[in-house]
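**Student:** Go by the hints and put chain B onto chain A.
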Amino acid sequence: MAKQDFPLIFERSKAGRIGYSLPELEVPDIDLAEELEETYIRKEAPDLPEISELDLMRHYTALSNRNYGVDSGFYPLGSCTMKYNPKMNEDVARMDGFSHIHPDQPESSVQGAMEMMYDLQTALCEITGMDEVSLQSAAGAQGEWTALMMIRAFHEANGDFHRTKVIVPDSAHGTNPASATVAGFESVTVKSNEKGLVDLEDLKRVVGPDTAALMLTNPNTLGLFETEIEEMAKIVHDAGGKLYYDGANLNAIMGYTRPGDMGFDAVHLNLHKTFTGPHGGGGPGSGPVGVTEELKPFLPKPLLEKQGEAYRFNYDLPSSIGRVKPYYGNFGIYLRAYTYIRTMGAEGLKQASEYAVLNANYLMRQLEEEYDLPFDQHCKHEFVLSGRRQKKLGVRTLDIAKRLLDYGYHPPTIYFPLNVEEALMIEPTETEAKETLDGFIEAMKKIAAEARDEPELVQEAPHDTIVKRMDETMAARKPILRYEKQ
Amino acid sequence: MEFRYLPMTEDDKQAMLASIGIKDTEELFADIPSNVRLQRTMELKKPASEADLIKELAQLAAKNANLKQYTSFLGAGVYDHFIPSVVDHVISRSEFYTAYTPYQPEISQGELQAIFEFQTMICELTGMDVANSSMYDGGTALAEAVNLSAAQTKRKKVLVSNAVHPQYRAVIETYAKGPNLEIIYIDTKDGKTDVAKLKAALDEETASVVIQYPNFFGQLEPMEEVQQLIENQKKTMFITSSNPLALGYLTPPAAFGADIVVGDTQVFGIPAQFGGPHCGYFATTKKLMRKVPGRLVGQTIDEDGIRGFVLTLQAREQHIRRDKATSNICSNQALNALASAVAMSSIGKHGLKKMAAMNMKKARYAMKKLQEAGFTIVSKGVFFNEFIIQLDKPVAEVNERLLEKGIIGGYDLARDYPDMNGHMLIAVTENRKMEEINQFVKELRDIHG
Chain A
1 MAKQDFPLIF ERSKAGRIGY SLPELEVPDI DLAEELEETY IRKEAPDLPE ISELDLMRHY
61 TALSNRNYGV DSGFYPLGSC TMKYNPKMNE DVARMDGFSH IHPDQPESSV QGAMEMMYDL
121 QTALCEITGM DEVSLQSAAG AQGEWTALMM IRAFHEANGD FHRTKVIVPD SAHGTNPASA
181 TVAGFESVTV KSNEKGLVDL EDLKRVVGPD TAALMLTNPN TLGLFETEIE EMAKIVHDAG
241 GKLYYDGANL NAIMGYTRPG DMGFDAVHLN LHKTFTGPHG GGGPGSGPVG VTEELKPFLP
301 KPLLEKQGEA YRFNYDLPSS IGRVKPYYGN FGIYLRAYTY IRTMGAEGLK QASEYAVLNA
361 NYLMRQLEEE YDLPFDQHCK HEFVLSGRRQ KKLGVRTLDI AKRLLDYGYH PPTIYFPLNV
421 EEALMIEPTE TEAKETLDGF IEAMKKIAAE ARDEPELVQE APHDTIVKRM DETMAARKPI
481 LRYEKQ
Chain B
1 MEFRYLPMTE DDKQAMLASI GIKDTEELFA DIPSNVRLQR TMELKKPASE ADLIKELAQL
61 AAKNANLKQY TSFLGAGVYD HFIPSVVDHV ISRSEFYTAY TPYQPEISQG ELQAIFEFQT
121 MICELTGMDV ANSSMYDGGT ALAEAVNLSA AQTKRKKVLV SNAVHPQYRA VIETYAKGPN
181 LEIIYIDTKD GKTDVAKLKA ALDEETASVV IQYPNFFGQL EPMEEVQQLI ENQKKTMFIT
241 SSNPLALGYL TPPAAFGADI VVGDTQVFGI PAQFGGPHCG YFATTKKLMR KVPGRLVGQT
301 IDEDGIRGFV LTLQAREQHI RRDKATSNIC SNQALNALAS AVAMSSIGKH GLKKMAAMNM
361 KKARYAMKKL QEAGFTIVSK GVFFNEFIIQ LDKPVAEVNE RLLEKGIIGG YDLARDYPDM
421 NGHMLIAVTE NRKMEEINQF VKELRDIHG
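If you're matching them up, the sequences are chains A and B in order. For the first sequence, counting from 1, position 383 maps to 383 in the working numbering; every step adds exactly one. For the second sequence, counting from 1, position 226 maps to 226 in the working numbering; every step adds exactly one.
Just chain A, with the same shape it has in the complex:
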């Protein structure tokens, strides 16, 4: 059968069909046009679909079949922590007493919700070794920015207005320098050394009286633990700067070490990574921020507190950076993270990190024969391979990623971190069984063989997906960002 364009919901629409059932009006009908000036009355109805309920369900079911989630198969995306999203969490988040409560209800009527939030804050303090946590930030990037704004407020409270620079390793996520800019800082890059770790000499060179903070994730994006973390903390602190921990890679270290113990002053966490919040096809996330006592006065408001047996939101925080989000953050994601933490306990979380690291090292050692391993040492929860050997055969890392689609896998993160040529960044997570890893290893080895023996098979991949490679240049050059009726 010849391939055809898959219809948009607008193309399935037919005038006169409906998919809704609204409540009865009941109250006496009135003519709104009598009250409203003509200028306020919409002339043309927005062209939303007109579709029956069954056809709506078929449309979205078909779309879901054209998508791939963790429940569909292995998803070894580096730095994304695509672990299993427990179904129980979804049920908890949908309980009426959690999902149907208004943020402005009297506090007396939402004590259960506030208790859960307080318990979660307390657990996150213990897991990170921080003194106080604010859950408010909506996602990782907002958590980064929130923490940087607090560090900025801290320096300014000390009359220190010249700390304009934030130091970011060359291996850092793009959000780090972007968040620094949004917070009004200039970002400065610190280089990695030949071991893939931050170069201490270069750090000493870039650090100075203008340093506001160093942003770091540990283990870093290469999956390597920054073993000189204590020296780094000392260098930055001695210069009067603060240490910020990007929690993207926390999944490697729970119960083994904590950002607070490493000398970090502020940390953000991704509840949608380590703590099983589903990624939702790109969100919603949740990015709580934890800080030491010293930075506590600057936390966003309101701050959830416990007084006796009652929970309350404290708005009386004169040094607070203010609100970063309306209401109290992505509460629905807290419920999922909380349910997960309560399911696992201290022992379970430590085991999760142990097996995340064991799985990653097993994969790494199985794959290093066929793919270059730039940093040959034990990794943590993820590792980075280089496709430079395959590149010499004319097969790029992008091609390898696309060929993996034919084998039924979601590819690893590619071309990141930027300090590795043709990077393939692989994070298996602890929720994957050995059989799954072995299947992936076999596929990766087959692709390496294909790259040698029949490179065009890889170069032209994918072959078996519902669409082939997309013309991204055309998409950017002549952007079509909405449907227009023909």
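It cannot be assumed that every hint is accurate.
[What the hints assert, rightly or not] For each label pair, taking beta carbons as the anchor points, the in silico distance ranges come out as:
1) A:G16 with B:G374: 45 to 53 Å
2) A:K485 with B:T9: 56 to 64 Å
3) B:E231 with A:K191: 47 to 55 Å
4) A:L25 with B:G406: 20 to 28 Å
[Unchecked claim] Computed footprint of chain A on chain B, listed as stretches where at least three residues anywhere in the stretch have a Cβ under 8 Å from a Cβ of chain A:
5) 12 to 20
6) 30 to 43
7) 170 to 180
8) 186 to 200
9) 266 to 277
10) 428 to 434
Keep in mind the hints are simulated off the structure, nothing from the lab. Think of the CB as a built atom: it goes at the ideal place given N, C-alpha and C, for glycine as much as any other residue.
**Tutor:** Using the frame of chain A, we list chain B on its own:
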């Protein structure tokens, strides 16, 4: 102890250790300096079984007064609207909710197309040319719009109406600290932005004017007058924050010359859930297309010429541009955007107008009943589904009494406006039955004395 999310068996573990060439997983952590190692077990609650935890959390949930059991007249930015059953059935499909951002278009066409459709629906509602794939919420979307206007005009002054949601204004203030903007608030008169004061404050230094339409008090702002003022000031941008449901009946902001329109699609298929996650939308003109924060889905073709969708214009974004990106946003609210797209598809072209009108009619009925019962109606102008009444008692106190009667009362405006003691902002959605409205009026009268 064994955990159902951890498939590692002892045999697997031994086989893997042997393959790595080590004896114990501890060796994999040996590079963590002992000084920073946690030498004790974390102090967390003991692991709980599924059955026990469900029971415990259900009890915790039961401590909250929920909108299914209580009758709510509380809105102020978050509303109790009807959610069609199809919404949760679609977003519960794990191909959607357990997926990552659609960076691999060949296996993500479902998500990409759903977002492309969402973008189209937002353009239709707002009348704008371009909409992005979502923002965290209406408040941060508005703050990003403000920062974009400053970057685009290279100006630092922003005029924000006091009738903009107070929490949205608070978020604007925090976001404005980075680029060091000056936020000037414009007073209201009779519940609407005071146009004379806006005119006096508006000058060639003004990056943008921010208006909420319908505003926080439910009122329709004098959009034509504001438009004229702004058009007389070259370059100054017009930003509106709009409840997208209201736009089913009301003239879209684009018709009043808006440059950026933002808001929250919580009204479409997203439960209140204590304030989040909701879903911000961001719509603008073609001219600003390459300055938009966040992700955009675009249409293209594959190698066989088949239509498909990809994330596009990524040169704006943090993972490409790093410190030069238009915003730091990465994760957004994709699943909630999907929920809203499903709700908008279900409600559809005709349902939307009907639903918006029903909100207006029921709210007017409630206002009339309260007036008949002797309450002072503060709201003077034309409103959408919210209006203000004046009480002799503090609203917080009245609301505690209403709770005892199974009613969640309106918003206490004294929380944000010190001169509005006893002012209650009442929201009436299509979900309110006539009987519930009558009961609310009766209880309020009883409490009020």
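**Student:** Now tell me if each hint is right for this structure.
**Tutor:** Verification of the supplied hints:
| no. | hint | verdict |
| --- | --- | --- |
| 1 | A:G16 with B:G374: 45 to 53 Å | holds, 46 Å |
| 2 | A:K485 with B:T9: 56 to 64 Å | holds, 57 Å |
| 3 | B:E231 with A:K191: 47 to 55 Å | holds, 51 Å |
| 4 | A:L25 with B:G406: 20 to 28 Å | holds, 23 Å |
| 5 | 12 to 20 | holds (count 7) |
| 6 | 30 to 43 | holds (count 11) |
| 7 | 170 to 180 | holds (count 9) |
| 8 | 186 to 200 | violated (count 0) |
| 9 | 266 to 277 | holds (count 7) |
| 10 | 428 to 434 | holds (count 4) |
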